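S.K.: Listed here are the chains, written in short residue letters.
Protein chains: 2
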Amino acid sequence: MPPTATLAPALPETGWPPPYLLYLGNAPDHLAAKTARGLAQWRPQWCVGQFRGPDCRTTLGLPDMGFEEAVAAGANTMIVGVANAGGRMDAGTVQDVVAALDAGMNIASGLHQRLSSHPAIVEAAGRNGRCLFDARQPPPLAVGNGARRAGRRLLTVGTDCSVGKMYATLAIERELQARGVRADFRATGQTGIFVAGAGVPIDAVVADFISGAAEWISPAREDGGWDLIEGQGSLFHPSYAGVSLGLLHGSQADALVLCHEPGRAHMRGLPHYPVPDLKACLEANLQAARLTNPDVIAVGVAANTSHAPDAETAARQCREIEDALGLPCEDPVRTGTARIVDRLQSCFAD
Amino acid sequence: MPPTATLAPALPETGWPPPYLLYLGNAPDHLAAKTARGLAQWRPQWCVGQFRGPDCRTTLGLPDMGFEEAVAAGANTMIVGVANAGGRMDAGTVQDVVAALDAGMNIASGLHQRLSSHPAIVEAAGRNGRCLFDARQPPPLAVGNGARRAGRRLLTVGTDCSVGKMYATLAIERELQARGVRADFRATGQTGIFVAGAGVPIDAVVADFISGAAEWISPAREDGGWDLIEGQGSLFHPSYAGVSLGLLHGSQADALVLCHEPGRAHMRGLPHYPVPDLKACLEANLQAARLTNPDVIAVGVAANTSHAPDAETAARQCREIEDALGLPCEDPVRTGTARIVDRLQSCFAD
Numbered sequence: 001m002p003p004t005a006t007l008a009p010a011l012p013e014t015g016w017p018p019p020y021l022l023y024l025g026n027a028p029d030h031l032a033a034k035t036a037r038g039l040a041q042w043r044p045q046w047c048v049g050q051f052r053g054p055d056c057r058t059t060l061g062l063p064d065m066g067f068e069e070a071v072a073a074g075a076n077t078m079i080v081g082v083a084n085a086g087g088r089m090d091a092g093t094v095q096d097v098v099a100a101l102d103a104g105m106n107i108a109s110g111l112h113q114r115l116s117s118h119p120a121i122v123e124a125a126g127r128n129g130r131c132l133f134d135a136r137q138p139p140p141l142a143v144g145n146g147a148r149r150a151g152r153r154l155l156t157v158g159t160d161c162s163v164g165k166m167y168a169t170l171a172i173e174r175e176l177q178a179r180g181v182r183a184d185f186r187a188t189g190q191t192g193i194f195v196a197g198a199g200v201p202i203d204a205v206v207a208d209f210i211s212g213a214a215e216w217i218s219p220a221r222e223d224g225g226w227d228l229i230e231g232q233g234s235l236f237h238p239s240y241a242g243v244s245l246g247l248l249h250g251s252q253a254d255a256l257v258l259c260h261e262p263g264r265a266h267m268r269g270l271p272h273y274p275v276p277d278l279k280a281c282l283e284a285n286l287q288a289a290r291l292t293n294p295d296v297i298a299v300g301v302a303a304n305t306s307h308a309p310d311a312e313t314a315a316r317q318c319r320e321i322e323d324a325l326g327l328p329c330e331d332p333v334r335t336g337t338a339r340i341v342d343r344l345q346s347c348f349a350d
Numbered sequence: 001m002p003p004t005a006t007l008a009p010a011l012p013e014t015g016w017p018p019p020y021l022l023y024l025g026n027a028p029d030h031l032a033a034k035t036a037r038g039l040a041q042w043r044p045q046w047c048v049g050q051f052r053g054p055d056c057r058t059t060l061g062l063p064d065m066g067f068e069e070a071v072a073a074g075a076n077t078m079i080v081g082v083a084n085a086g087g088r089m090d091a092g093t094v095q096d097v098v099a100a101l102d103a104g105m106n107i108a109s110g111l112h113q114r115l116s117s118h119p120a121i122v123e124a125a126g127r128n129g130r131c132l133f134d135a136r137q138p139p140p141l142a143v144g145n146g147a148r149r150a151g152r153r154l155l156t157v158g159t160d161c162s163v164g165k166m167y168a169t170l171a172i173e174r175e176l177q178a179r180g181v182r183a184d185f186r187a188t189g190q191t192g193i194f195v196a197g198a199g200v201p202i203d204a205v206v207a208d209f210i211s212g213a214a215e216w217i218s219p220a221r222e223d224g225g226w227d228l229i230e231g232q233g234s235l236f237h238p239s240y241a242g243v244s245l246g247l248l249h250g251s252q253a254d255a256l257v258l259c260h261e262p263g264r265a266h267m268r269g270l271p272h273y274p275v276p277d278l279k280a281c282l283e284a285n286l287q288a289a290r291l292t293n294p295d296v297i298a299v300g301v302a303a304n305t306s307h308a309p310d311a312e313t314a315a316r317q318c319r320e321i322e323d324a325l326g327l328p329c330e331d332p333v334r335t336g337t338a339r340i341v342d343r344l345q346s347c348f349a350d
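First to last, the protein sequences are chains A and B. The first sequence begins at 1 in the working numbering and counts up one residue at a time. The second sequence begins at 1 in the working numbering and counts up one residue at a time.
Hints are computed from structural coordinates only; laboratory data are not their basis. Please note that a few of the clues may not be correct.
[As the list claims (entries may be wrong)] Sample of chain A residues lacking proximity to chain B, with all beta carbon distances greater than 10 Å (derived):
1) Gly74
2) Gln95
3) Phe133
4) Asp203
5) Ala220
6) Ala265
7) Leu270
8) Gly326
9) Gly336
10) Phe348
[As the list claims (entries may be wrong)] Examples of chain B residues toward chain A, derived with CB under 7 Å:
11) Ala72
12) Asn76
13) Asp203
14) Ala207
15) Val243
These figures come from a predicted structure and were not determined experimentally. Cβ atoms here follow ideal geometry from the backbone N, Cα and C, with glycine treated the same way.
Next comes chain A alone, as it looks inside the complex (with noise of 0.2 Å):
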């Protein structure tokens, strides 16, 4: 169930104004190119072509372009969205960027390394009139205060990193917008920030305003309509819980949904730490989150069945986890996530 056109929000009004050259440059693999593809993958409407280097060795499937030929087809914007080695940029892709900025884009990063510490392209954007965008550049933001606001959110948690919890949020945006519920993705991560146009990149933000951050994405709101929070990282992730804290209790969610990965065989990055037990990290969220909002929920899991050989397992891996804690268990890219959505509406009925 690809997103289309049509259920997509309007263009963001701030920011890096699409549409977007999407800067691939020598990705060596799919795994490089993962902001752009989530890009092309959510917001193909945004998206005129893709600019590949000699050694690319992944593509979106969308047109290729250079730079003066991306201008002329209406591009705005060119992002960065390949991650190097240390969040780096090469002095080939250095020379790249002052092309496109030579040529009339804009450029917004998801990189580590800030667009503005490099000379010649701070210059390049002076001389052509042109603005660098930092996604990963946190907002001013301040201390979080717990203070109950109004408006309704949702939130996704992990029993690990990346186990979907982006894909399943905004699957869940694009089913409550299609019954006409109004449904706004809040993004927390890099790719995130590019599909929403806006976003905090929380793992960027310093350790004291961690909530404040998620304060800041989800402000009070009255008009019935949901924020829907992308998760980051897992409570039960030694690298990580204090970011998924800190998300958890800012957020005040209303609705949780837990994502989670069938069959990993043990957290991500750390072979001596085991996925927790699916009940036990639910229940765990569950309870940190009553601090800010004790009348939290779980409305559903969504599953992960990408490494099911088949659809049959893949529903059986969902209908065991649905019977173990009595939740819709969906998977968003298969199957949707109309039955998590059905538990929400019904659960949050007025």
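Once you have looked at the hints, place chain B on chain A.
M.R.: What follows is chain B alone, placed relative to chain A:
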């Protein structure tokens, strides 16, 4: 039981060299001089004097000195230990820092704003061949890996912020050292960093590196001694719990000491949040800590009874906690930490 020179650890080998002149500037009250006060209290043997401006409204009880006078008395470093609103340095302070550099001292600061952000200070340091140290500047850190490491570690955790975690940790260090046990205070806040001469300002670390910072300050040790890690915040404080959880995971604590202020009306700064039940708070900390150290236990409670009207009331407050939790409870300021350390030693007898 104030600390005495004989029990304090050796001079720090790196960083800002003692002895110190403590700069109070025009601190309007005692709270503004909190960092300088902690240093004067816990490391009096490193402090030769204090500098007070014409509008200063507090004192540490140290000899008042000008910059030249302090250098003549042996001061190697001036500690800027006053907290202004926003952690910024006013023009008068910048002028004083330049004068102190011209007199021949190094400068160490605990303010959010970096010394190096003032060109006049950088220029004066260069001119005099002196060094600038920013205690709030975290070292380069790695993401935590959760791998079990050698050594014994104790972490103080709290029902709230500002309940006496640093004081309790330092008091336990003093008690263990007095018993001939190798023990080192590991600092996570600016005052603690000045007292220890090293540490990580964990609230200033980027969110992804919280547990990595805790691993960094308490690396594997093989000498049978204890690392005593200064806790921060509280799992139950909606503004800062992420920091507390990352610290809990990265510490891999063998022993926890719960810190609490009896009678506190609500969470610090948040009138709408009650202080958690001690038993529930301790259990939540133990549960979270078990992720990286399944054998973690609690060994005592440090009660801050500074608001009790008399010693009898304070003793009763401690007794009540002791009965409720089945753990030794002491006020480190009033009675020391002998019984908590007795419990620690009996639980971890070789």
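S.K.: Checking the smallest CB distance to chain B, is Phe133 (chain A) really beyond 10 Å?
M.R.: At roughly 20 Å from the nearest Cβ of chain B, Phe133 (chain A) sits farther out than 10 Å, so the non-interface label holds.
S.K.: Please check whether Asp203 (chain B) passes as an interface residue: C-beta within 7 Å of a C-beta belonging to chain A.
M.R.: Holds. Min distance 4 Å.
S.K.: Using 7 Å as the Cβ threshold, decide whether Asn76 (chain B) counts as touching chain A.
M.R.: Because about 31 Å separates Asn76 (chain B) from the closest Cβ in chain A, which is outside the 7 Å limit, the hint is violated.
S.K.: Over 10 Å to the closest beta carbon of chain B is the bar; see if Ala265 (chain A) clears it.
M.R.: Holds, since 16 Å exceeds 10 Å.
S.K.: Confirm or reject the statement that Ala220 (chain A) sits farther than 10 Å, beta carbon to beta carbon, from all of chain B.
M.R.: Fine: 15 Å to the nearest Cβ keeps Ala220 (chain A) off the interface.
S.K.: Classify the hint on Ala72 (chain B) as holds or violated, based on whether any CB of chain A lies nearer than 7 Å to its CB.
M.R.: Where the cut-off is 7 Å and the nearest Cβ of chain A is about 40 Å from Ala72 (chain B), the hint is violated.
S.K.: Are Ala207 (chain B) and chain A close enough, Cβ to Cβ, to be under 7 Å, as the hint says?
M.R.: Holds, about 5 Å.
S.K.: Regarding the assertion that Leu270 (chain A) does not contact chain B, is the least Cβ-Cβ distance greater than 10 Å?
M.R.: Violated, since 6 Å does not exceed 10 Å.
S.K.: Taking C-beta pairs only, is Gln95 (chain A) more than 10 Å away from all of chain B?
M.R.: At roughly 28 Å from the nearest Cβ of chain B, Gln95 (chain A) sits farther out than 10 Å, so the non-interface label holds.
S.K.: Would the stated hint for Val243 (chain B) survive a check requiring a Cβ distance to chain A of less than 7 Å?
M.R.: 5 Å, holds
S.K.: Quick check for students: does the CB of Phe348 (chain A) sit more than 10 Å from each CB in chain B?
M.R.: Nearest chain B Cβ is 23 Å from Phe348 (chain A), so the label holds.
S.K.: Looking at Gly336 (chain A) again, its CB stays over 10 Å from all of chain B?
M.R.: The claim stands: Gly336 (chain A) keeps its Cβ more than 10 Å from every Cβ of chain B (closest is about 32 Å).
Hints 4, 7, 11, 12, counting from the list given before, are not met by this structure.
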